[in-house]
Amino acid sequence: MSTYLLHFGMGHGSVSLETLALPSVLVLAGGASVIVVGLAIAAFAQRRSRSYLLIALALLTLLARTVVGGLAMGQLLPLGAHHLMEHALDGVMAVLLIAAVYFARTTDPTTGGEST
Amino acid sequence: MSETRDRIDRHVHTHPGVHFNALVRTLDLAPGQVQYHLKRLLSTDSVVDEQLYGQTHYYPPECNGWRRGALALLRRETVGDIVAVLCEHGSARPQWVADELDIARSTLEWHLNHLVEESVVIKQRNERNHVTLTLARPDETAAVLDEITPSTPERMVDRFARVADRLLEGANTD
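These protein sequence lines are chains R and B, in that order.
According to our numbering, the stretch in the first sequence is residues 119 to 234, in order.
According to our numbering, the stretch in the second sequence is residues -2 to 171, in order.
Hints may contain errors.
Sample of chain B residues with no beta-carbon within 12 angstroms of chain R, all distances over it, derived [said to hold, decoys possible]:
hint: 1; residue: T1
hint: 2; residue: H10
hint: 3; residue: K120
hint: 4; residue: T129
hint: 5; residue: L165
Simulated coverage check for chain B against chain R, where a stretch passes if three residues somewhere in it have a Cβ under 8 angstroms from a Cβ of chain R [what the hints assert, rightly or not]:
hint: 6; segment: 107 to 119
hint: 7; segment: 146 to 160
Hints were generated in silico from the structure; no laboratory data involved.
Everything numeric in this text was worked out from a predicted model, so none of it was measured.
C-beta: ideal position from N, C-alpha, C; glycine also.
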C-alpha cells in the first residue's frame, strides 16, 4: 500500500502538489485523447481502409491508458496491474501501428476490394 | 446497393457539386472503382453530373439550375475566396479584390468570366467604364458559401487524414 501511496505522491498523508497534479494530468490527457481518437474514427469512417482502422485503434490505446490511470487512482485497480496494463498498452499501440504501415502497402489501391 | 456505391451516393448528397478527383481522394477509392459506381448511379438517376470548366461535378438530382453552377465554382479554392470577399464587402473594384487576395489580375479575370457566366457575379460599368463587381444573388450565394465551407472539426479530420496518408506513404516508400 505504501508503494501505491508513493506512486501517487500521497506519502505521509499530506496533500502535496502531486496529489492535485495527477487528476489534472489525467483529465487533460483524457480530453486530448478523446479529441485525437475522435479525429481518427472520423477519418476511418471517411476512408474505410484497414490502415485507418488500425491507426484509430492504436490511438484508442492512449485513451485506454488514461482510463487505466484513472482506475488506479480511484483504487479500483491494483498498482501492479496498472503498471502491467500501461506497458502492455504501449506494446499494443506499437503492434497496431506496425500493422497499419504494413497494410498501407498491401491493400491500398483496391480498398474495400469490392467487385460489384 | 453495394457498400462502396452507397458511400459514393451519400457523399454526393452531402457534398453537392463535388468533382471526380475530390471523390477519389476523400473516399480513398481507386479512380476506376469510382467511375464504375458513378456510371451505375447516373443510370438510376441517383446522381446527376455536369461538365463545368474542365471538371465533372456530381449533384443530387434535386439540385438544379443556378445552384449547380454556383456550387461547382465555389468549391474551387480561389473562386471561393473571391466570392467570400464580395460577400463581405458587398461590391468591390476588380483591382482591389485582386490585391486583397494577392492574386494576379489575369487570374481574377479568368475566374470572373466563369462567375459571370454562371450568374454569380455581375460586372457593373459606370459612365467612365469603370467596373464594379457585385453578387447577383447575395443571400443565396452566402448560403452556398456557408454550406460548402468545412466546419472546424471537418477541417481537422481532413488534415488528420492528410497527415496519416503522408506518414503511411513515407513509411512505405520503396
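Right, here's what the structure says about each hint:
1. T1: T1(B) not clear of chain R: closest Cβ-Cβ about 5 angstroms, inside 12 angstroms.
2. H10: Holds: least Cβ distance 15 angstroms, greater than 12 angstroms.
3. K120: At roughly 39 angstroms from the nearest Cβ of chain R, K120(B) sits farther out than 12 angstroms, so the non-interface label holds.
4. T129: holds, 42 angstroms
5. L165: With a cut-off of 12 angstroms, L165(B) comes too close to chain R, as the shortest Cβ separation is near 4 angstroms.
6. 107 to 119: violated (count 0)
7. 146 to 160: holds (count 5)
When the structure is compared with the earlier hints, violations turn up for hints 1, 5, 6 and for no others.
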